[in-house]
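**Q** So the chains spell out like this:
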Amino acid sequence: MFLRSLSLLNFRNHHVVSLNFSSRFIIITGNNGTGKTNLLDAIHYLSMGKSYFHLRDESVVREGEDAFWISGTTDCDGRSDEIKVSFVKGNTEIKPKKNIFKNGKALRVLSELMGTFPVVMVCPQDMEIIAGGSDYRRQFVNEMVSHVSREYLEALIGYRKILLQRNQYLKSISGTSPADPHLLEAYDKQLESYASELFRFRESWLQDFSVLFKECYRFFSPLDESPSMKWKFSATPGNFYEKLQHSLVADQWKGYTSVGPHKDDLAFYLNGKPLKPVASQGQQKSFLLALKMAKHLYLLQKTGKVPPLLLDDIYDKLDELRFRRFMEWLNEHTRAQVFITDTLFERMKILNDRLGLNADFVNTNNGVIFYSGDVVTAG
Amino acid sequence: MENIIDDCIEMFASLPGVGKKTASRYVIHLLKNNKKELIRMYEVLGNAISKIRECPVCHAIIGLDDCPYCNQHRCSKGTLCLVQDFRDLIAMENTGKYFGTYHILGGLISPVDGIGPNDLNLVTLEKRLNAGVFHELIFALGTTRESETTQFFLHRKFQDLVQKFSTLPKGIAHGIGLEFTDELTLGSAIENRVPL
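The listed protein sequences correspond, in order, to chains S and W. The first sequence begins at 1 in the working numbering and counts up by one. The second sequence begins at 380 in the working numbering and counts up by one.
Derived from the structure by calculation, the hints contain no laboratory data. Backbone N, C-alpha and C fix where the C-beta goes; we use that ideal spot for every residue, glycine too. Hints are not guaranteed to be accurate.
To be verified - EDC-like mimics (lysine to aspartate or glutamate), calculated; alpha carbons at most 20 angstroms apart, straight line: (1) W:LYS400 to S:GLU332; (2) W:LYS399 to S:GLU93; (3) S:LYS102 to W:GLU562; (4) W:LYS536 to S:GLU185; (5) S:LYS95 to W:GLU389; (6) S:LYS102 to W:GLU558; (7) S:LYS302 to W:GLU389; (8) W:LYS549 to S:GLU93; (9) W:LYS536 to S:ASP180; (10) S:LYS105 to W:GLU422; (11) S:LYS305 to S:GLU346.
As the list claims (entries may be wrong) - Derived CB-CB ranges, DEER-like: (12) S:LYS98 to W:LEU565: 49 to 59 angstroms; (13) S:ARG56 to W:GLU558: 33 to 43 angstroms; (14) W:GLY485 to S:LYS105: 43 to 53 angstroms; (15) W:LEU565 to S:ASN99: 22 to 32 angstroms; (16) S:HIS54 to W:PHE559: 33 to 43 angstroms; (17) S:GLU151 to W:PHE559: 14 to 24 angstroms.
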């Protein structure tokens, strides 16, 4: 799966950008703050309809402008799709509005975009998947499974909506009146049904993903290192309803629901021990890269599409050995289109020549300039 | 003068689906060229206000005569159809396939929007069900999550008062090919298929 063209209007620091890509490798160089990561985030918008960095749509509109627009053409085994995302800020007269179009047809909901153009982003902030709270790990899984299963995505959306209503209800009666048992049962039964779907998908995902992950980890580490992961489910389908009842008094006092798939965590281990306290910085980086590589392989396996990789500033964050191994994997073991950002053009030029990447170059220092080989073309 | 026009625009813009631009178009159209139309509108609406009321039993919008939607003839069918609002009642009536009576809930339970069970027309509903006239309660509340919550809640609440509960099936729209039907609707349709 290739991104053949990318056009932006008023997206973050970029005013007008129009790029066509012909190579498998696209190297984006430029000084800090010139918008390299923003180009990757724009590609992520075409994949998920939103920013990878959890930025609100309003905040990615270029300063002083009222709207942004992103357009891209993808190519998957000769089939071409055109995806457009536009957003108009609201004011006193009109509400903010985001539109997503696929081949000229407006999508009713964001979820219809899922699976069209899966991508895998790798950026410095991803260390949170290892070191941060459980929500980073759930998001990592949710995004991946949502690309391959509409059922999972619908269950996730349904679960979140009912959870929001239940929490709001608990807040509204907190300390004032007892909960209506019929209404709570209505919420709990619906949550139970969605939770059971999510549980089933998460279990099944782990079985498939673990195999791919272990293969990928071996790329960086000695054979005697044994990485693993397992779900720490907040509740299972068998005891979820009971746990909801059990925690009701506390939940009513707190005003939110304390058990369910929104509290599940994915625990990482190295040689049978929890990863974070025992692993070195290097091992954690290997673990993270292996997670991303396995995500790429999982999406490929399930969708038949080869997801592009968006690598933001990873050269600086990885040691020479890991970077070299990762590039070797990208170059020799995948057919993926790869976007790489870096501050140093010379460094990337050397990498390009050494590995024979034959990359397209984009420079963001003075507006966006596109190079194909030695020829400077349109800006 | 400006204030009067602004007030008029505000008034039209308060209607559902009408923004300020459309409201301005309506106001300018009526004030500029159509004084006769404006006066006629004033009379029709004034007449409607004095002659239209909400049925105290089923909450339909009706005239001064007896409610046509919950009269004895309709009640004798023994079925009560629950709808969210009057527009849904009209939609059901337009099918020409339903001859029982209705009850308008006036909303769906959604704490996020500040709507709880006490905001629905449940006192009158309970009173009607207690009378023992209805053997079947039909939920025609749509397929949103709020409607499913409301349906589940009412089913539990009134399960001792009615023998039979039913709901409209989710299925494929008339005249639409399968290729244009989303997976959820198609999945539901195959699960709830009917024998020939």
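**Q** Quick one: which hint numbers does this structure break? Sort them smallest to largest.
**A** Violated hints: 1, 7, 8, 10, 11, 12, 14; rest satisfied.
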